[in-house]
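Now for the letters of each chain:
Number of protein chains: 2
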Amino acid sequence: MSARVLDGTAVANQIRGELLPQVAAFAARAGRPPGLGIVLVGDDPASEIYVRSKLKSAGEAGLRADLERLPATASLDQLLTAVDRLNRSDAHDGILVQSPLPAALGEDAERRVFDAVDPRKDVDGFHPINVGRLVQNRPALVACTPSGVIELLERSGIAIAGARAVVIGRSDIVGKPMSLLLLHRHATVTICHSRTRDLPSVASEADILVSAIGRPGFVTTAFVKPGATVVDVGIMSITDRETVARMFPPGSKRWDTYQKRGALTVGDVHPEIAEVAGALSPVPGGVGPLTIVMLLKNTLAAAESRARAV
Amino acid sequence: MSARVLDGTAVANQIRGELLPQVAAFAARAGRPPGLGIVLVGDDPASEIYVRSKLKSAGEAGLRADLERLPATASLDQLLTAVDRLNRSDAHDGILVQSPLPAALGEDAERRVFDAVDPRKDVDGFHPINVGRLVQNRPALVACTPSGVIELLERSGIAIAGARAVVIGRSDIVGKPMSLLLLHRHATVTICHSRTRDLPSVASEADILVSAIGRPGFVTTAFVKPGATVVDVGIMSITDRETVARMFPPGSKRWDTYQKRGALTVGDVHPEIAEVAGALSPVPGGVGPLTIVMLLKNTLAAAESRARAV
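Protein sequences appear in the order of chains F and H.
Here the first sequence is numbered in our numbering, starting from 1 and rising by one per residue.
Here the second sequence is numbered in our numbering, starting from 1 and rising by one per residue.
Isolated chain F (complex conformation) (with noise of 0.2 Å):
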């Protein structure tokens, strides 16, 4: 094991640590704290633990936390009406509608309520003039898995500018903004997909390498350029017992945690790589943390850019 491990949690509480003093001025001014509205429609576990878990660290960071709910039943309009509600509270400066919306709702249902929020609210931004803004590098609401990752490369001293980065995925949510941060931090960036010849090879030309595909341990050494730094923001839970055994090898920590809960979280990034890598942002334990902490972030941010327009 010879690679440095970039301690998500460690720069996550860095941040958060800064938010406070910052939240407490603000809701000294503003006579009230920044406000996040969440909204949860049905009932998947995952999305339950999520926004538990998001509830959870805005109001440790001094921010107004609601929850509305919404049965998985609801119709678009219903939907609609609830981020109209958010839309015009004052007392909400943020808005994230729980991803995934149920499959009832219809295929561009999340598209049409992502547009609907208010784009100074939209604290996932995921709203085209927020990702319109990114693009132009002016201010903006930005994804936060991906501001997340570049606030850990910058805070653990990996130099970005003129760095080769390569990016695994294209996704709207990770890829696509993650390689415009990269970008506009001086980094020549490449964004690989499922159609890209011979990635491995395409790979190990980065100096940073993130990916973001949800194939677990999809990424081996053949994909790592000597002393690179891999950040990992695949995150899945898996079950099957030769997916683990191929990641984790009997006898292992991670293996005996699998056997003892019959499932482990992992994420696309097989451990061997850490003989190879220089730095490596694990799973979990890597970029997780830093997400949720861009969540705040990002509302303490539209909470003080409305107080300026107003």
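A hint or two may mislead.
Said to hold, decoys possible - Covered stretches of chain F (chain H as the covering partner; in silico rule of three or more C-beta atoms under 8 Å from a C-beta of chain H):
| no. | region |
| --- | --- |
| 1 | 122-130 |
| 2 | 190-198 |
What the hints assert, rightly or not - Restraint ranges, calculated between C-beta atoms of paired labels, are given here:
| no. | chain 1 | residue 1 | chain 2 | residue 2 | range |
| --- | --- | --- | --- | --- | --- |
| 3 | H | S201 | F | R155 | 27 to 37 Å |
| 4 | F | E242 | H | R215 | 47 to 57 Å |
| 5 | H | P250 | F | G162 | 35 to 45 Å |
| 6 | F | R195 | H | A91 | 54 to 64 Å |
| 7 | H | A91 | F | R85 | 36 to 46 Å |
By construction, these hints were calculated from the structure, which means they are not laboratory data.
Ideal Cβ positions, reconstructed from N, Cα and C, are used throughout, including at glycine.
Go by the hints and put chain H onto chain F.
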């Protein structure tokens, strides 16, 4: 000379031929032609030429095209008033404010003016909401030059899916939208810029190399993998004898043109790459004619989309 020449003029004429009946059909349905409003501030000679050319092409394609001129001394408010008038005009589907604006208007004048254009009429594709929709791979008005490059590649039978594409230049107008358009067509895209280390080596990974930096003859054979497709988006008029001689040997046709006129229109790409590249979109004659025809195409699309929305 081995590279196949990608003939931008021929492709532009092909698209123009397709537009004519579509414009006529729109006019018959709507009782008016699609309308383009161009705002020109001041009297920059290059801008004069571009605007004339746009007006002429629009007229030939059956569009209504109006030029609103403002003096170089116009205030930002006067300019924004002109834009607002076009925003509210029923006869105008597309609005183009010719860049660059006079420096006296201030550094952020262009940004403020482009933001003021109704996104539905934003035929330059500069409004953040159109840029965001482009990122999200949704219907949008997209910047004319990069979408012209896509037309040129696709209609010339250059395979984009699975190709490695390298874009040199990260401007909002060409480099970034170009990268996104190539990405959505399943290229593996690398975006390079002034801070890229060992640019020739990175560029020579490309199956499709697009240069948009505005440095005469900068892209030499060292940048080009044998057989690659090279698209020259840089365009400038040079007068410096040594720069011309570096690109065109005394005695050549282009050198003679320079001798006669004292200036020469050149691109980023050194002509020597024709010996290495498989296909080449040269300057002049490559992308330039496509940029204008994409403006007409965008104006028709904006007209059709506005008519549907009524």
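So, going through the hints one by one against the coordinates:
Look at the region 122-130 of chain F against chain H: 4 of its residues bring a Cβ nearer than 8 Å to a Cβ of that chain, three or more, so the hint holds. For the region 190-198 of chain F, the proposed coverage by chain H is satisfied: 7 residues have a C-beta within less than 8 Å of a C-beta in that chain, meeting the threshold of three. Taking 27 to 37 Å as the suggested C-beta distance range, the pair S201 of chain H and R155 of chain F conforms, at roughly 31 Å. Between E242 of chain F and R215 of chain H the beta carbons are some 54 Å apart, a value that agrees with the proposed interval 47 to 57 Å.
A C-beta distance of roughly 39 Å is found between P250 of chain H and G162 of chain F, which places it inside the suggested range of 35 to 45 Å. For the hinted restraint 54 to 64 Å between R195 of chain F and A91 of chain H, the CB-CB distance of approximately 44 Å leaves it violated. Checked against the hint of 36 to 46 Å, the pair A91 of chain H and R85 of chain F passes, with Cβ atoms roughly 39 Å apart.
Checked against the numbered hints above, the structure breaks only hint 6 and satisfies the rest.
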